[in-house]
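Asks: Fit chain B to the given chain A structure using the hints.
There are 2 protein chains.
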Amino acid sequence: MNPVNIGIVGLGTVGAGTVNVLRRNADEIARRAGREIRVTHAVVQDPDKQRDCDISAFELTTDPFEITDNPSIDVVVELMGGEVLAKDVVMRAIANGKHVVTANKALIAIHGNEIFESAQLHGSMVAFEAAVGGGISIIKAIREGLAGNRIESLAGIINGTGNYILTGMSDGGSEFSDMLADAQQLGYAEADPTFDVEGIDAAHKLTILASIAYGIPLQFDKVYTEGISHITQEDIVHAAELGYRIKHLGIAARTNAGIELRVHPCLVPQRALLANVDGVMNAILVNGDAVGPTLHYGSGAGAEPTASAVVADLVDVVRALTTDPGNRVPHLAFQPGAMSDLPVLDMEQVETAYYLRLNVVNRPGVLAEITRVLGDLGISIEAILQKGSGVAEDVLPIIILTQRTVESGMDKALEQLKSLATTIGDVTRIRLEQITD
Amino acid sequence: MNPVNIGIVGLGTVGAGTVNVLRRNADEIARRAGREIRVTHAVVQDPDKQRDCDISAFELTTDPFEITDNPSIDVVVELMGGEVLAKDVVMRAIANGKHVVTANKALIAIHGNEIFESAQLHGSMVAFEAAVGGGISIIKAIREGLAGNRIESLAGIINGTGNYILTGMSDGGSEFSDMLADAQQLGYAEADPTFDVEGIDAAHKLTILASIAYGIPLQFDKVYTEGISHITQEDIVHAAELGYRIKHLGIAARTNAGIELRVHPCLVPQRALLANVDGVMNAILVNGDAVGPTLHYGSGAGAEPTASAVVADLVDVVRALTTDPGNRVPHLAFQPGAMSDLPVLDMEQVETAYYLRLNVVNRPGVLAEITRVLGDLGISIEAILQKGSGVAEDVLPIIILTQRTVESGMDKALEQLKSLATTIGDVTRIRLEQITD
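Protein chains in written order, with this note's numbering: chain A, 5 to 441; chain B, 5 to 441.
Just chain A, with the same shape it has in the complex (with noise of 0.2 Å):
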């Protein structure tokens, strides 16, 4: 059969790496597909740039639209990046009848919902399996692999960036800045690492893994999103003496009321094997209603692994090209017309177990107050840490662990324990999930 001709656009790390190995893996890929995959073309801002893969094999141009527009392609590949210029790339390869293998979070997280409903319209395939998770193809064994569950809830660990800093603060002892400093040094993090330890990134991410897990529409402006900066080895110490680690988590489960959807740090059993996902792996734990728990991993980032779900989508793709598009697996899941309307809930809806850490003044009767508060509040204790240095200190930490609360009571109650005439500075609140895999 004729190849397939592909246009990338963007050479940067991600595309240069897919053209390396469908290059290097050209045979098998086509052993595999059935047809040659052959890249044709790439865009790229500056042809004179350096690349880090050879470039003699396909033309340059500067202009993306050169590509989105030329009959001779069928697949357009973005790897791009950003949301304003990758969206009008997408959207006029889409209209003009190509197919689209994506790996930008951020486009199909923020404009997903209008992307696919062209794309249903003009009977395009998008794939986005880099998307999330790097070579975990993970997209794939929710949407396809577990089809037949019924999916209960979700975790993971989606942001390689985040999981080094912890894992770094975890086994070397160091504090979140020397992490980061670190992190930017190899690499691993951008100058301005917001999107990553803030978890913009991870919530990009955990939209997309929401939506195809229960059939919702894409719905990144309702996701609950707290980042790592403020964890400190303080409370990573703590955490180990109760039996956890601190990790940066994507949540979504579903319960009676509606979705959870919330990226925030997270106290995991030391046993759990995500408690165990360390440096710049990836790793998410999916529970289905038949399959129970099962979990996915590796690398979440980087040139090759990224490149791996990339070309993974252009196989997937090559042997689509004669399917009925109705017969497709959906771009969601679900079919188009078939998605829910199920609430993404608020957090303060959400119920989950918590780690506190107060620093209290040391006299009789401080812990009688505390108690009494959550106690009040009708949140139960499941194990308390008082710190005695066996020396005589004016102020000690206090760490709770509570059992299972929902987060507007768990509200009142920093607001009560920070007010106590007895209590010094904030409270730390750090969730805390009972993970089992």
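There's no promise every hint is true.
Said to hold, decoys possible - Between beta-carbon pairs, the in silico distance windows are: (1) B:69 - A:126: 44 to 50 Å; (2) B:190 - A:260: 44 to 50 Å; (3) B:353 - A:40: 30 to 36 Å; (4) B:353 - A:325: 40 to 46 Å; (5) A:259 - B:64: 48 to 54 Å; (6) B:236 - A:397: 51 to 57 Å; (7) B:175 - A:190: 36 to 42 Å; (8) A:86 - B:438: 40 to 46 Å; (9) B:175 - A:365: 52 to 58 Å; (10) B:175 - A:238: 31 to 37 Å; (11) B:236 - A:353: 50 to 56 Å; (12) B:175 - A:385: 28 to 34 Å.
If you're looking for bench data, these hints aren't it; they were derived computationally from the structure. All of these numbers come straight from a predicted model, not from anything done at the bench. Ideal placement from N, C-alpha and C gives every residue a C-beta, glycine not left out.
Replies: Frame of chain A, contents of chain B only:
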């Protein structure tokens, strides 16, 4: 669109689970697949037997060929097990132009080449996700999710019964026979546990995984297969002291000379995620040249986890009903005309590291003799553990970890070590892999 009609052959554990999942999640499944998936017929040996599912919605028969020959049935789901009658049923369904979903690993491992050839000829799909790793969807992950990769190696805990026994021996200090009795009482192990504990079940599964990873024909008879019945509490304790856990692994690896295919107990570094996969859970570590290590974890058996994979296959088949057979995912990942003729290596050609345990006469010079034997054969020692008890004993155990070496050399070394005058009894040899995930 019209419903798709399913005939299920076998209403045992997995059959009943499949009926229950299809019924309970009918709405979500139809919203994903775009069509209703409806069980219209089921085959049982004894129509009067109590079943773990509601059988009121379909017709029961005792003759599987009533289903394979019924023109109203679109897909035959083979869940009867065994490889004689099951083969006839599957071949007849294919000959009648029906699609097949099966959970039968023995059938695929032993007769898969013939079955897929016939399926190819008749334009039928034969889906077998449930044959390996229960609900993990490892077939899909390797065949589609990692389609851009050259697979370097895979190592899996793919028999839940064996893992349950080894986990119990490791955590609870029991011996093999006690844990086996325990597993039998809980229904994890059969009255005749040979298939599970001697590695035959794992070898069936490894055969399938290796074929889709490397594009080689199914070659069950070439798998080196060693069980766990000779693993002792003593070896588990020594391994732990040296930082390892003993797991029963199925390993496939690509070398310059060919493909390694082997099932055997194996020391794995304690920190590896794979070492922490406990109880009846399964996990497969797959290394691709682009993606690096990926781990796929979940329930490897049981009614509903297996049903999860069966239903996912049904959804895949339903979606592909209208496709051109030439553009479907190939049964064994690679196009039938593009399979590889890479040879499967004999176990003597395999290179791995080793754990050795000898009981020796407690006198000076013994260690020198042992290390001379290994040194003369070019086998490097990684670690030695000599358990001096402090009190004078006649016989002491010596534990040696070697670096990687070829199995044929180790066979010679074992012969020579056994023949030393100072060696008492047999020499224990367990393979060791420095797995990093």
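Asks: Now tell me, hint by hint, if it's right for this structure.
Replies: Hint-by-hint comparison with the structure:
1. B:69 - A:126: 44 to 50 Å: Holds, at about 46 Å.
2. B:190 - A:260: 44 to 50 Å: violated, 33 Å
3. B:353 - A:40: 30 to 36 Å: holds, 34 Å
4. B:353 - A:325: 40 to 46 Å: holds, 42 Å
5. A:259 - B:64: 48 to 54 Å: violated, 39 Å
6. B:236 - A:397: 51 to 57 Å: Given range 51 to 57 Å: holds, Cβ gap about 52 Å.
7. B:175 - A:190: 36 to 42 Å: Roughly 37 Å apart at Cβ, these two residues keep to the hinted range, so it holds.
8. A:86 - B:438: 40 to 46 Å: holds, 42 Å
9. B:175 - A:365: 52 to 58 Å: Once the Cβ atoms are compared, 44 Å apart, the range 52 to 58 Å for residue 365 of chain A and residue 175 of chain B is violated.
10. B:175 - A:238: 31 to 37 Å: The hint (31 to 37 Å, Cβ to Cβ) holds, given that residue 175 of chain B and residue 238 of chain A are roughly 32 Å apart.
11. B:236 - A:353: 50 to 56 Å: holds, 54 Å
12. B:175 - A:385: 28 to 34 Å: holds, 29 Å
In terms of the numbered hints stated before, the structure departs from hints 2, 5, 9, listed from lowest to highest.
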